[in-house]
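Enquirer: So the sequence lines, in the order shown, correspond to chains A and B.
All residue numbers for the first sequence refer to this note's numbering, where the first residue is 1 and numbers rise by one.
All residue numbers for the second sequence refer to this note's numbering, where the first residue is 1001 and numbers rise by one.
Keep in mind that the hints were calculated from the coordinates and are not lab data.
Careful, some of the hints might be misleading.
As the list claims (entries may be wrong) - Heads up, simulated DSBU-like pairs for lysine-lysine below, C-alpha to C-alpha not over 35 Å straight-line:
#1 Lys96/A x Lys17/A
#2 Lys1197/B x Lys148/A
#3 Lys96/A x Lys1048/B
#4 Lys105/A x Lys1183/B
Note that the coordinates shown come from a computational prediction; the quantities given were computed from them, not determined experimentally.
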Amino acid sequence: MHSSFETIVSAVWKNRKANEWVCNQRGLALDRDGVARDVDRFNAQICAENGWNKFVMIAGGGGVAPDPKPQAIIEQDKAAIAIAARRAKKIWSGIKAINAWLASKAPGSKKAEERAAICAACPKNKKGGFDEWFASPALDAVEGQLKKLKNKRLKTSSDKKINVCQVCLFPLKVLVHVPNEDIQANMVKEAALDMANVPNCWVTREKDE
Amino acid sequence: MRIAIIYVYPKVNTARYRAAAQRFVNSYQKNPPGERPHSIHVAVNGGKLVRSDELLFEGLPVTFFSHDNYGKDIGAFQKAAREIDCDLMIFMGSHIHFRKPGWLDLIALAFEQNGPGMYGAYAFHTPSLHIRTTSFWMPPNLLNAYPLNVGSPHRYEFEHGSKHGVAKWVINSGFSAWMLTWKGVFPPSEWHHVENKDALFLDQHSDTIGYT
Chain A
1 MHSSFETIVS AVWKNRKANE WVCNQRGLAL DRDGVARDVD RFNAQICAEN
51 GWNKFVMIAG GGGVAPDPKP QAIIEQDKAA IAIAARRAKK IWSGIKAINA
101 WLASKAPGSK KAEERAAICA ACPKNKKGGF DEWFASPALD AVEGQLKKLK
151 NKRLKTSSDK KINVCQVCLF PLKVLVHVPN EDIQANMVKE AALDMANVPN
201 CWVTREKDE
Chain B
1001 MRIAIIYVYP KVNTARYRAA AQRFVNSYQK NPPGERPHSI HVAVNGGKLV
1051 RSDELLFEGL PVTFFSHDNY GKDIGAFQKA AREIDCDLMI FMGSHIHFRK
1101 PGWLDLIALA FEQNGPGMYG AYAFHTPSLH IRTTSFWMPP NLLNAYPLNV
1151 GSPHRYEFEH GSKHGVAKWV INSGFSAWML TWKGVFPPSE WHHVENKDAL
1201 FLDQHSDTIG YT
């Protein structure tokens, strides 16, 4: 059974705290960050001595190699960040499209009722969908938009059935009122590509009209 | 949105940083951040917190955490990002001071309108694309994903580096980097020299060119 990096750090830290006098004599770190660096250096040293160089990050540029993070964590973060960036781009292209319309004096789309009915029947229409990383600021922005929509007294008969499109990540209750030109002007290619594969999507269809 | 401000308070060269902290506190009180709820976390960097330090920050919504000064201010920021849970973390160096009220509301609004990424008060294209790290902000998870633990010798590379500069890394990861001034929020293609009246915050660099 293999322990995680954090488990090893916790164990070493506990051991050092229980032997404070010895650690002070030998100049060993007693804080958690210091222990984590020691464990990381130890791992990196073993990897380097055995030629497992792909597990050791050597930085250049400044002439000084900073402490490496474990390669597995770097790869994990890289994957998570790529997903988060893609989702953020989609969410904020929707937020910007809606903000652009709300800031203008343009009326809501005459097609809102028809659009909302399509979304209500679409399997991609679900609750939630905002990544945990930025759920709160995105929700704050959408909440503000819903308030403005209420002031405009715009609604459709499908409002109770529509939530967030899991493909474009747009809040549908507001989006169905936004003129297509505002949507297209702000849409990022990541969203457009994914939406092209959704049958019957009005955003894609209206773009081609 | 949960907003945390991290302020670095080094316990080396005490007289200098104590004066800087006093200016931070005074200017914060004179120029309140705005309506947005927030917390301030003071990184006691490289020394022990004493009663007179606590008194220095009295009146501000502060808590203190200690750091061993590894990686200097950036090391403290990385520690804060790992340990403090929030949606947006604003990182402030010791020399930051405020010159106009409502700065936090402006930051929060820009973040809500433009989404996650890296933001800062001063951004540059030379020597390499970078945002000045005397004041920058981003979701803490974004900083946590930066692939290097910044040690003190690596401090310059983190801010200005052509290979490991954090702003470059953020952009290469698929997010954007923005400069925020009282005049607006600007993507990298629109970064420009920040005039005195437009500067969101003042720091040791703006002090040397007479910004007030």
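Enquirer: Which hints from the list above does the structure break, by number from lowest to highest?
Expert: Violated: hints 1, 3.
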